[in-house]
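Line order of the protein sequences matches chains A, B and C. Per the numbering used here, residue 1 is the first one in the first sequence, and the count goes up by one each step. Per the numbering used here, residue 1 is the first one in the second sequence, and the count goes up by one each step. Per the numbering used here, residue 1 is the first one in the third sequence, and the count goes up by one each step.
None of these hints come from the bench; they were simulated from the model. These numbers were taken from a predicted model, which means no experiment stands behind them. Idealized CB from N, CA, C, for every residue including glycine. Treat the hints with caution; some may be incorrect.
[What the hints assert, rightly or not] Using C-beta positions, here's what the derived DEER-type ranges look like: (1) B/203 x A/146: 49 to 55 Å; (2) C/70 x B/21: 54 to 60 Å; (3) C/388 x A/18: 51 to 57 Å; (4) C/135 x B/249: 52 to 58 Å; (5) B/21 x A/36: 31 to 37 Å; (6) C/129 x A/72: 22 to 28 Å; (7) C/81 x B/327: 34 to 40 Å.
[Claimed, not checked] Okay, the calculated bits of chain C under chain B, using three or more residues with CB under 8 Å as the criterion: (8) 49 to 59; (9) 86 to 97; (10) 122 to 129; (11) 174 to 180.
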Amino acid sequence: MADFSPELVATIQDLWKRYPERKAALLPAMHLIQKERGGWFSPETIRDTAELFQVPDIHVQGIVGFYDMFHAEPVGRHVVRLCKTLSCKLRGADELRAHVKSAYGVDHGQTTADGAFTFRCFECLGHCTTAPMMLVDEERHENLTVEKLDRVLGGLR
Amino acid sequence: MIGETRVMLEHAADPAQRTLAGYRRNGGYQALAKALREMKPEEVTEEVLKSGLRGRGGAGFPTGRKWKFVPKTTKQKYICVNADESEPGTCKDRQIMENDPHQLIEGTLIAAYAIGAGTGYIYVRGEYPHSIRALEDALEEARGAGLVGRDILGSGFSCDIWVHSGAGAYICGEETALLTSLEGNRGYPRLRPPFPAVEGLWKCPTVVNNVETLACVTHILRRGAAWFSSLGCEGSTGTRLFCISGHVRNPGVYELECGKFTLRELLMDLGGGTPSGRPIKGVLPGGSSMPVLTAAELDVRFDLDSIAKAGSSLGSGAIMVFDESVSAVDVALNISQFYSHESCGQCTPCREGSDWVRLMLDAVRRRDAGEKDLALLLDVLDRIEGNTICALAEAFCWPVRSFVKKFGAEFEAHVAGRASA
Amino acid sequence: MSGTVNITVDGKQVAVPAGTNLIEAARHAGKSVPHYCYHPRLTVAGNCRICLVEIQGQGKLQIACNTKVTEGMSYFTDNERVRKAREGVMELLLINHPLDCPICDQAGECKLQEYAVEHGSGVTRFAFEKVSKPKNVSWGDRVVFDSERCILCTRCVRFLDEIAGTPEVGVDLRGEKATLIVKGDGQLTSPYQMNIIDLCPVGALTSRDFRFKSRVWFMHFTDTLCTSCARGCNTVVGSRGDRVLRMVPRTNPDVNDSWMCDFGRLHYGFANDPERLTTPRVAGKGAPYAVAISRAKAILEGARGQGILAVASPFMTNEELFALKGILDHLGVEDRYFLKPMGEGDQLLVHPEKCPNARGASLLGFLEAPAEWASKEYGVLLYVVPREGTDLPEEVLKRAKRRILFSLKDREADVCFPLTTWIEKDGTVVSAGDRLQRLTKGITFESTLVTERTVLDRLHAAFDAGSGSEGTAAQALARLAAAVPAFQGATWQRIGPMGMKLKAAGAPA
Chain A
1 MADFSPELVA TIQDLWKRYP ERKAALLPAM HLIQKERGGW FSPETIRDTA ELFQVPDIHV
61 QGIVGFYDMF HAEPVGRHVV RLCKTLSCKL RGADELRAHV KSAYGVDHGQ TTADGAFTFR
121 CFECLGHCTT APMMLVDEER HENLTVEKLD RVLGGLR
Chain B
1 MIGETRVMLE HAADPAQRTL AGYRRNGGYQ ALAKALREMK PEEVTEEVLK SGLRGRGGAG
61 FPTGRKWKFV PKTTKQKYIC VNADESEPGT CKDRQIMEND PHQLIEGTLI AAYAIGAGTG
121 YIYVRGEYPH SIRALEDALE EARGAGLVGR DILGSGFSCD IWVHSGAGAY ICGEETALLT
181 SLEGNRGYPR LRPPFPAVEG LWKCPTVVNN VETLACVTHI LRRGAAWFSS LGCEGSTGTR
241 LFCISGHVRN PGVYELECGK FTLRELLMDL GGGTPSGRPI KGVLPGGSSM PVLTAAELDV
301 RFDLDSIAKA GSSLGSGAIM VFDESVSAVD VALNISQFYS HESCGQCTPC REGSDWVRLM
361 LDAVRRRDAG EKDLALLLDV LDRIEGNTIC ALAEAFCWPV RSFVKKFGAE FEAHVAGRAS
421 A
Chain C
1 MSGTVNITVD GKQVAVPAGT NLIEAARHAG KSVPHYCYHP RLTVAGNCRI CLVEIQGQGK
61 LQIACNTKVT EGMSYFTDNE RVRKAREGVM ELLLINHPLD CPICDQAGEC KLQEYAVEHG
121 SGVTRFAFEK VSKPKNVSWG DRVVFDSERC ILCTRCVRFL DEIAGTPEVG VDLRGEKATL
181 IVKGDGQLTS PYQMNIIDLC PVGALTSRDF RFKSRVWFMH FTDTLCTSCA RGCNTVVGSR
241 GDRVLRMVPR TNPDVNDSWM CDFGRLHYGF ANDPERLTTP RVAGKGAPYA VAISRAKAIL
301 EGARGQGILA VASPFMTNEE LFALKGILDH LGVEDRYFLK PMGEGDQLLV HPEKCPNARG
361 ASLLGFLEAP AEWASKEYGV LLYVVPREGT DLPEEVLKRA KRRILFSLKD READVCFPLT
421 TWIEKDGTVV SAGDRLQRLT KGITFESTLV TERTVLDRLH AAFDAGSGSE GTAAQALARL
481 AAAVPAFQGA TWQRIGPMGM KLKAAGAPA
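Here chain A stands alone, though its shape is the one from the complex:
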């Protein structure tokens, strides 16, 4: 089955049992597929996913393009998502973004030269009372300061 690992295929087959239609498992499954396929959806991964789910490839591509957490371009070893929406902005998100740009040379959508991380400015990540915050892969870092951000991002290199 399209070269996914047997473990992944088994997990996805389990997901299918939760819904009357396989297609419904696409979003949960695509998180797992993206992880196994290096953090993004290449045209090949899109085709493989479509084949596994027996849906048109444009359906999978349309989902990748619709949901911000799926990537249509290659990413670094980690994905850093810095919240830029109002509560975080009011508590310094713009300054953090400027700092990332000057200290790490990346702005929204860019990957550091060493491939350590891809930086994305995200809309509200739902941690408004502990703003500013960022997600590094699946780990969250709240009440960020420049120092704290440096400690986390420095550890990714």
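Position chains B and C against the provided structure of chain A, taking the given hints into account.
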């Protein structure tokens, strides 16, 4: 001094509450047992109706009435938990899911029983991996204990519940978009009619309720509608979770009874005022999709109807505060950036208009717009609002219009001396 | 959903069928509600928002396409509030539209242009750079896509998914960046893909075959049929001067809804072929019609009765077949056949009979040609060569001592008359389901050409001066209907542009 009334968050600080044993020690799943063993489904709905519970996702629709729309057919039905919490400023549902997930599961099962749903899905936004893990762990324990799945507590009632992760799209918090997304599609809102209660998931009757709403259901069944409606005030019964963020000394999620204090008292007593000591300039009382209130409007009583009378809304319970150091134009621009990014792109007015509004505000910010452009901006908002499938258009039209009107002098200063761009 | 409901549209009371949506209902009151995404044969998307109307008693404007009439409903399609909302939608549709009408193939038949005139304000207030999207994208050898012109109505997406059954186009990205994408290698494969060009209300999807050939306002349009198979899809042929430039489907719910297959649509080049025969040939040399007709008469008289084999074409109209029948009756010819080209059919429209009028030929007494021809000798072969797809075996052709042919191209014969194509004449055919439908003349390929019916009528008159058979197609049909029971009651008027079911259909020919 305003105090919290902790019901949903009573045990949030206790890590044991996340386990089934801990939850049960504090009375967990007794409400479910009572509903299944002693009540008919329609009695459960009546109890919720009597409690005065209104949806906590933003629209404030009476929960019991929503349940009553479900036709009495033998067809498959679904309960769907809206855990896509993505309205800017809102992070309350996360507290429930991460710290006390069983009360959500219990409330979901009670709702499922009331409407006759055999399957439930908890649609959690993808950006909440911790919530997803906490719910999955809790569900596994509950399933192991016969609380979820077949023949729950020997009652003959069966209901499976699954966690479903979203993947980063604000619009999926809109209930019909959530359903479209859950079925494995781009998250497009649907045309109504038909309404989800009649045709939802896979064309079957479906109720979509917010996390906090269902957590309340657990407590209503545990302690009774009369107890619930004795809390808060008329029109805003029970307790509500509020997220205070932005320029306050004590940002946080607070569980409060509405109607007992004013917005200013809330921000001063619990919020602790601004960290800088500068005066508050404006407050968004119900998420970024609601009209802003100025410093002069903060003495309004804090409940659904009073805030509505003041021209705004409690929305999702997200109170965002900014002080005098902040440019109103910047805030309006930040809000419009959010909505133009999140427009699904289906409807012409929202797809094209959300971006135009963003561009116009950006031009104002850069002092590259003229006096006529403010009138144009307001006119364009008029052309967009009310003319789309879902309410995302209103979600940026309302706040942006309120900013231009209430901070008019500031906007005018940005465009002074220019006729147009 | 039965019966009618009474409603009021812009103050005018009308009764409409229950279950009607407000766009269709407005037509009953003589009102048209503008729409882009709505199409009566596709599911409702409700995304363009131009069809907003005000329903009395409802706060918000509602889209007419997704609202059904209810008893006593009153709504406004044209009041101040509706006009303002519409003008707003028009403006928003155009802010990112390139407005490249001077070089856009859709110009002249573009709903953006039409509605901008009717419902727009005439000015743009948008002062920013427009969104840049992919242009001139090849979707294969038939369709070209321009994303900047696209208004994302998703008619194409829905057609391929819901009607053609091949979900080949989808939407990528979101918000103002959203764009259409094509599956696999980006090339459409559906045999019905060109319908999305007709469905596209703007110039986002254009036909590689037609684009840049002509401005539509210089063209002449003719309501007729496709003759590539027995379905008889109703069509409109667009021509300029004496050449066919395109053919598109014409809506007929009883035949082809609003669709046609790409093969039929693109199959018109034979009509424009410069190599076509345009004057009769006698013994391989050009001759006036009068000479050719008298030569044909002499040949037929020489053979008489059983010495003649007649092979008709299922591309002939009923009136042509009837004219041929008149001659054969007069001469007492019994061996009357026609050749029937066959091929693949499909579930949607394509019929396995690759000709328009095999049924008509049967009803007029011609027999399907046998698989094996008897080795009978004929003095004369009178043969109307099928336009395509089949031909008489060489040995049958050779067996006749004399040959009178009707053919698109010159062929070896004693007399060879030119064939005219479907777009050069009026006439009727019997399409699938025994539906009598009309062909209408749209072009004159060469002024020298005389149609087959006239040639046959003149030939008949040469034998029998009293046959009195010439005249219009309508008159020929009237004679035919009076003579052949299967056609009883058929008149040119009754058939109309939409066709009629033959009453005596099913009766053995």
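Taking the hints in turn, this is what the structure says about them:
1. Against the hinted window of 49 to 55 Å, the Cβ-Cβ separation of residue 203 of chain B and residue 146 of chain A comes to about 52 Å, which satisfies the hint.
2. Look at residue 70 of chain C against residue 21 of chain B: about 56 Å separates their beta carbons, and that is inside 54 to 60 Å.
3. A hinted range of 51 to 57 Å holds for the C-beta pair residue 388 of chain C and residue 18 of chain A, which are about 56 Å apart.
4. In this structure, residue 135 of chain C and residue 249 of chain B meet the distance hint of 52 to 58 Å, their C-beta atoms being roughly 54 Å apart.
5. Remark: the range hint 31 to 37 Å for residue 21 of chain B to residue 36 of chain A is upheld by a beta-carbon distance near 35 Å.
6. Between residue 129 of chain C and residue 72 of chain A the Cβ separation comes to about 24 Å, which falls inside the hinted range of 22 to 28 Å.
7. Checked against the hint of 34 to 40 Å, the pair residue 81 of chain C and residue 327 of chain B passes, with Cβ atoms roughly 35 Å apart.
8. As drawn, the stretch 49 to 59 of chain C meets chain B at 3 residues by the rule of a beta-carbon pair under 8 Å; at three or more, the given contact holds.
9. Check on the stretch 86 to 97 of chain C: 8 of its residues sit with their Cβ under 8 Å from a Cβ of chain B, so the three-residue criterion for coverage holds.
10. Chain B is given as covering the stretch 122 to 129 of chain C, and this holds because 4 residues of the stretch bring a CB closer than 8 Å to a CB of that chain, at least three being needed.
11. For the stretch 174 to 180 of chain C, the proposed coverage by chain B is satisfied: 5 residues have a C-beta within less than 8 Å of a C-beta in that chain, meeting the threshold of three.
Checked against the numbered hints given earlier, this structure breaks none of them.
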